[in-house]
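Q: Chain by chain, the residues run as shown.
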Amino acid sequence: MGKDESLTMTIITLLTDFGTSDPYVAEVKAVLLSGAPGATLVDVTHDIRPGDIRSAAFVLGRTWHRFPLGTVHLAVVDPGVGTPRPALLLRAHGHIFVGPDNGIFSAVLHDAVVEAVELHVPAGAAPTFHGRDLFAPAAAAAARGCSLHELGEQLAFAPRRLAYTEPRQEGRGAVGEVIYVDRFGTLVTNLPPELARDATDVRVEELEVGPVRRTFSDVPSGAMVAFIGSGRTLEVAVRDGSATDTLHVGVGARVELRY
Amino acid sequence: MGKDESLTMTIITLLTDFGTSDPYVAEVKAVLLSGAPGATLVDVTHDIRPGDIRSAAFVLGRTWHRFPLGTVHLAVVDPGVGTPRPALLLRAHGHIFVGPDNGIFSAVLHDAVVEAVELHVPAGAAPTFHGRDLFAPAAAAAARGCSLHELGEQLAFAPRRLAYTEPRQEGRGAVGEVIYVDRFGTLVTNLPPELARDATDVRVEELEVGPVRRTFSDVPSGAMVAFIGSGRTLEVAVRDGSATDTLHVGVGARVELRY
Amino acid sequence: MGKDESLTMTIITLLTDFGTSDPYVAEVKAVLLSGAPGATLVDVTHDIRPGDIRSAAFVLGRTWHRFPLGTVHLAVVDPGVGTPRPALLLRAHGHIFVGPDNGIFSAVLHDAVVEAVELHVPAGAAPTFHGRDLFAPAAAAAARGCSLHELGEQLAFAPRRLAYTEPRQEGRGAVGEVIYVDRFGTLVTNLPPELARDATDVRVEELEVGPVRRTFSDVPSGAMVAFIGSGRTLEVAVRDGSATDTLHVGVGARVELRY
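Residue numbers (this note's numbering), protein chains in the order written: chain Y, 247 to 505; chain V, 247 to 505; chain G, 247 to 505.
If you're looking for bench data, these hints aren't it; they were derived computationally from the structure.
Just so you know, not all the hints are guaranteed correct.
[Claimed, not checked] Quick look at which bits of chain V chain G covers, simulated, 3 or more residues with Cβ under 8 Å: (1) 258-267; (2) 321-332; (3) 471-484.
Cβ atoms here follow ideal geometry from the backbone N, Cα and C, with glycine treated the same way.
With these hints in hand, go ahead and build the complete structure from the sequences.
A: So this is what it looks like as structure tokens:
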């Protein structure tokens, strides 16, 4: 094919629990590139644990805002596919978001002015694969520049948000929890720098980790260390090792700060 | 580099058993982008079990037809690399297919008018890596618009097809089998909607699954369910679980329908 | 977005130990596409074992030279992130390389005329994520065409190189070692064709493999075989099987040649 003036340069990101062994991701990409020729596709991840909306919301919350304005984010972790749960297309912060109304956009909706439409299920859509038959065509249309009102009806209710446990002061300290564990076994917490920065003592469950440091190279290999992570919350790691394996804790573990 | 009027916009899809840990996929992509600058590369999957031509043919069969006309599909699951098995470039249904003649294109060849050429092994090609040294250069040339007869000699025989067990009527019912198991543990069968749609009773081996329903959300969490899947054949799943783990069956398992 | 005359067509390759489950790779890609709109991103791999600089250097060494001149290679396996280890941007062989000064570029530096600058850590860079905050912005700037001296200060020392054990003659034979094991369980050695081509007897540790053959299809299924691999060194495989599982050896195993 030659060059085509109607090509879009829009970026479309993909975040799913489909894995990368099966045909599913390629079927979605085929629909995207058919509907939005020239779009740049970026895999965020397809390795979300099946149905784990909470992790998907965390990963989306860390990534979307680093992409250029106008990026379309397709996020399909959708254990309720085929049920009457609404299908959403949102515009917030100058980005577009497409996916099920199950809380996956919680981190995006925080503090945002949101325009939202509910997508209609196209005739013939497979009830088990809205990623391909409902969300991908809508994402492609948005990438082509279709307006929200062409793609669905204005939402008559607020998009769903996950409930989060907020960090809290407790006596002379503060308490939060582990919200994500990464491939290095690092524990990501919900404790923001304002609370964590000056802590002289971090404990995970009953285990002493020590003061908050600058980075994991401030301790010897094999030692535990707490620091403000690259996502701007407190993290607990083992240098050249795995904190989740060493401490035998995961998502939900209690993290306590003393000053 | 500046923009170049000779850029191609063609999509090239990649389907291999190379995995994604080793240098192999990147070596192939480097050859593709060197030979067809500007091409859009789409990974179908690289996680086919080494040498599993049957799964590769299934995945290719589900995906190729959703891409735009003119797409080049590079499919290299090739346990016979280095033997005299022919290397193919096919045109069928307005798409181009490149890979070994071992049955990997079976699903594409069904009902198709096929033009086919046999590729010559370039001098110096590594006998263990035709993906990089034989198939990728041919795919890049096809993406650039080279004609079939520039790339090889007209095939003097029919491309190889895998033998498939067809679903059959048996008494007052029908019998098929599991042909693929996906990451969710869902059992994909070879039973088409015409046979399956009205079944009141589905059995996998001796196990009762129940009637054919619309989708897995028609049963409670943890229950078994049969439905017409997104690939338009009968599937058997466990809602929020894994049918392959629950039923202890996999590819080849007998699936029986009663009406 | 419409088309933009300032778009770059440069390829940027990515080689990391970040895995593909977490947000990290997408955060890096967002920075790359924000800084170099239109760039073509190619994943080499993200599945390097955490901190395994030696495997990263091997994979980079096999892949970089197959990409077009002008390609930018971002290589971040960086166990020393946050320590004072220098951050490098190199130009060699007409390609650009960006990453930590820890030996990851060893295979590139061999025999090369290298221009090198040391990158400054931007204010506000997360000490645990230089891939996103230091290396990706530099790679994007290089892809846009910035000159080396705009991006850092000329390096006052030679980039670090890993020490490699060279193959050596021993009596009437030669001795090398396994330097990489791939997903198929094939053992890649450091023995070049000049030494290996005429060997009549290959041994791995004390185990007899036989003569050097053309390819693995020269032996029956299940048999061990030595051949000159697609990376132009001796490899030892088991046809339709795994040499690492059959021989119970891995990286560092002694490989002996007799003539």
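Q: Look at each hint and say if it fits the structure.
A: Okay, the hints, checked on the actual structure:
| no. | hint | result |
| --- | --- | --- |
| 1 | 258-267 | holds (count 4) |
| 2 | 321-332 | holds (count 5) |
| 3 | 471-484 | violated (count 0) |
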